[in-house]
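Listed below, chain by chain, are the residues.
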Amino acid sequence: MTMMELGFPVGATALKITSNGRDYPILLDTDTFDRTGEDGDIPILPLCRGDEFIGESLAGAWKKGWTTTIDADQAFTAIIDSGLLKFKGEADLAGTYGYGWIKSMHVVPMMNETEVTVELEVPINDVVAGNNRAIYFKFFLCQNKVVTERPSLNDNTLFVEIHVTDNGLLMTVAKSIEDADTNLFTGSTYIDGSGVSETADKFTVWRIVFHDAVAGATAPEDVNHMHVYLKQGVDRPTAEGATENELSNSPYDISDILFDVGYPAYQISTQNVDYYDDGTEAVSTYFRVNYPSLFSLKYDFADADVGKSDVELWDGDPDVSTSVQVFDEDHVFTHDAYLQNGLIRLHIDEAIEYGLKLYSYYNVAWNQPFDQLWFNAVTGDEDLRWPVLRYIESISPEKTVIWIRLLNSDTINDDYYLNVRITIERGKYSLKLDNLDVYPDQDLRFWFLDTATVRFGYVQDNDIGDDDINEDGDNSTPTDNFLVAFDDDGEEVLGVVFTDEKPAGGNTRFFAEDGGDLSIEDIDTVDTAGTIIWISLIPFSLLANLFIEAEDATLGGGAARYFTDPTGGSTFVRAQSSAGADNTQTLTIIGSVGGVRTTDTIALNGVAWVNGAVDFTRVYILELDGVTAGNITVQGSDAGAVHIIPAATTHVDNAVILDAINEFCFYPFQAGTHLPEGRYLAVYRVRDTAPAEPNDLQHYVQNATDGTRRNEENDTPLITVTGVYAYYSLVFDITAEDVSGNDFLDVVARKITGNANEIYVDYFLIIPIGDGANLPQDLSHSAMRSFNKPRRLYVR
Amino acid sequence: MTQIGVAVVDVPVDYRYTQYVVTMLGSVDRDEDLHAMRELFALARTGTAVHEMPGRRPIGEDMDEDMRNTQYVQFTHGDRPITAWYLLRAFRMFQDESPIGADEAQYAFTADMFFLGTNAYYVAGFAVKDMEDVEDEILENDWLI
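Protein sequence lines correspond, in order, to chains A and B. 339 is the number that our numbering gives to position 339 of the first sequence; each next residue is one higher, with no gaps. 27 is the number that our numbering gives to position 27 of the second sequence; each next residue is one higher, with no gaps.
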């Protein structure tokens, strides 16, 4: 789902959109959400710009709902599959309708000339003779954003409906006013009244265009009305290429509908026990919204709120009283330039290494969680880390644009450099870099990282970087356009990078080196000018709950921990080798003391015991910096065995073993308290003993309170786990009801056969994806919809 | 106190009124504050115009693309002009110079502001325009998002 992130000043009230002389009131906190910055809460209006259904996960702005009458052999699902949004769900009982739906949390104001285009496919145009077979596929604009109620029960809607029975296919366009439906059109082609047909094309593209009244025009164009157009085909390409026909009785009078700001929704309805299932899904490939090219946003704000959350350019640190805010593009700087919008701040530390310093406002302070933001000129292997300000392109309270140059040293010369344009806009967490111009022309590599360790990096498609185990995330074919870095023990912020171009030069990958060091490798020489990179810092206060070692999770059914924890009598951990030659290697022990992750190192001294310093309560990982000749015994100070590292092994870590049927472990957390509402990836790091047992690991996320599934399969899928550690993931939701009910959710791993293989569960990792507002996919997709928003003064 | 947009002047010395123009005479005691005022008015001289027609109220025009010369000006002290929207017209100052007789460094200035109207008549807002790639619907990207 993409949105126009329209940021308002702190304290803005009485929000409304004005277009063609009509006002469209915006309800604060219903239609908008807040981002908290230095000046207070910044209202953001997420104007819906449609969805192309790209990525690993359905956008977080789509909230799901279904009735229990669809929850049988095939539960309700809405899953993206290679750019198609597929809806599944069968009736629990033939003849009794089951319903499933998704509803957008982003609004569509139905302004004059607003266009909504949606592609709808049903799996069949004739469900064959027999009772209890009818299926529906509907697209709505609803008056309210309530998710728990199915869209067809919303009292006020506009909708397009495809209805398939054993008599054939029939389409309807209708309006519902206070729960009374009025059909505007019915037909199996664009001809109104063309009647139900068993051969009607079931691939359709609908385009709805809203218009205000035109004085003196022929009815219904003399009142608010809409035109509806249809393309239809026997398959998807044919429908796309078909002639678009306006419905024969279009336009339609909609002057009586009781809303003018709508929430989009899809709904399937079925009384059929065969549809919708694998291969017979209802499908939509896109839903698009276009607005008129000029409309206004108006608001009131209190005198005291003047200037709050404006984009500001400063000559000198804004927190220092001698600094001056810059309004003139020709300003001559005395100090360093600072650019900020209350959420992020960029300090251009002139001619200093890593001088592009990006700060984020959280915990009531400016913080710099990632201290390196730079490029590498690949052919010359020159690091471009020393910034200098070139000039200011534009300044306004809404958007400020500056140009900088990144040099390869603190010497200001022209041997290697990169010119970059930088943009900050009101209400956005993102810094935008574009117009990349490298000299001499060559491939570019981008880096965003922190000098201190940031443990995790996510670069799409189960490619995870984990510094603790020296794992790189390396993805040459990323499904989506964003990278994420965070440390569950670190700063309460998600570091996010996204781009519009797939890397096409050199290594050709999204890369998370040693965990959370994010890199785009490489931007091909021919793509540099056209590539845009955004860097976002998203405050996420519950970061610590995104990770748990399996051995710290809840075990059941006989599952056991792989290591034995040091006993209570142990006060430190010690190590010795069985070979005297092992006196150059260092053993690193990663564990926890009272739940806080802690590291200790021991320099091996052959067969002599060497004591560590830390009184671990739990040991997770043992790691050697070189191969040893002998076995390394690691134990507590009281001689309680911890583990033996076999010779020639440099790394062992803790895990939970599932070695018998129905052994399981799960990560329980409380919705709201531990993680906020949203859509997430649950990542499992697991391995099997070779040869792997097919389909032996069952994984799912459930609401422990009511037992319903929260992973998008709405089921308990099985996977075959390989003989080496790898990542597997599920998309799952924490819903508003989970949060309001204080429900516990479980991320579950369970062995389901009694075969002799052993499944090792190392850890559970959760990646925030989208919540329709502030998470990585929300920002990275919405960046693909740009706009200008100049400040104006309007007559009331 | 007077607040012009985001800039604050502690104690203006005097005001002079010429039709719809308020001329503020004041001083600040720090060079940085003087430069902050000058920066705020940087575009005023060439970026604004006032159109006058005999018998009609003069019309102020902000020619800056982002209307940066249109500021909400708040006066909170006694004997003050109306808190309202003003068009920043001109700023005059003498760098590094204090008035005769001043005990401490004082940087004097005068500023001209054209009265546009109060909040009762005007509301702040945005005009969203020039959405890029409206016809193509998307900012071109390799993922077809």
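What the hints contain is simulated information worked out from the structure, not anything from laboratory work. Where hints are given, some of them may not hold.
For lysine-lysine, the following BS3-like pairs were computed, each having C-alpha atoms within a straight-line distance of at most 25 Å [to be verified]:
1. A:K298 / A:K16
2. A:K432 / A:K502
3. B:K129 / A:K16
4. A:K357 / A:K432
5. A:K145 / A:K357
6. B:K129 / A:K64
7. B:K129 / A:K502
8. A:K16 / A:K145
9. A:K357 / A:K298
Have a look at the derived ranges for each label pair, beta carbon to beta carbon [what the hints assert, rightly or not]:
10. A:P440 / B:M53: 22 to 32 Å
11. B:R30 / A:D328: 32 to 42 Å
12. B:A105 / A:N507: 56 to 66 Å
13. B:D31 / A:T617: 37 to 47 Å
14. A:N545 / B:V8: 36 to 46 Å
15. A:D179 / B:M53: 41 to 51 Å
16. B:A90 / A:I352: 32 to 42 Å
Every residue, glycine too, gets a C-beta built ideally from N, C-alpha and C.
Results of checking the hints against the structure:
1. Proposed proximity of K298 (chain A) and K16 (chain A) is supported: the alpha carbons are some 5 Å apart, at most 25 Å.
2. Simply put, K432 (chain A) and K502 (chain A) have alpha-carbon atoms about 17 Å apart, close enough for the 25 Å limit, and the pair holds.
3. Proposed proximity of K129 (chain B) and K16 (chain A) is supported: the alpha carbons are some 16 Å apart, at most 25 Å.
4. With a C-alpha separation of about 14 Å, the suggested pairing of K357 (chain A) with K432 (chain A) holds against the 25 Å cut-off.
5. Between K145 (chain A) and K357 (chain A), the direct Cα distance comes to roughly 40 Å. Violation of the 25 Å bound is thereby established for this hinted pair.
6. At most 25 Å may separate the alpha-carbon atoms for a hinted pair to count; K129 (chain B) and K64 (chain A) exceed this at roughly 33 Å.
7. A distance of roughly 29 Å separates the Cα atoms of K129 (chain B) and K502 (chain A); the hinted pair therefore is violated under the 25 Å criterion.
8. As the CA atoms of K16 (chain A) and K145 (chain A) are separated by approximately 18 Å, the hinted pair is consistent with the 25 Å bound.
9. Using a Cα cut-off of 25 Å, the hinted pair K357 (chain A) and K298 (chain A) is violated, with the two alpha carbons roughly 34 Å apart.
10. The beta-carbon spacing between P440 (chain A) and M53 (chain B), approximately 60 Å, falls outside the hinted interval of 22 to 32 Å.
11. Remark: the range hint 32 to 42 Å for R30 (chain B) to D328 (chain A) is contradicted by a beta-carbon distance near 19 Å.
12. Separation of A105 (chain B) from N507 (chain A) is about 59 Å and conforms to the stated range, judged on CB atoms against 56 to 66 Å.
13. A hinted range of 37 to 47 Å for the beta carbons of D31 (chain B) and T617 (chain A) is inconsistent with their spacing of about 60 Å.
14. A beta carbon spacing of about 43 Å between N545 (chain A) and V8 (chain B) agrees with the range 36 to 46 Å that was offered as a hint.
15. Evaluation of the 41 to 51 Å hint for D179 (chain A) and M53 (chain B) yields a failure: the beta carbon distance comes to about 57 Å.
16. Look at A90 (chain B) against I352 (chain A): about 39 Å separates their beta carbons, and that is inside 32 to 42 Å.
The structure is inconsistent with the numbered hints 5, 6, 7, 9, 10, 11, 13, 15, although it conforms to all the rest.
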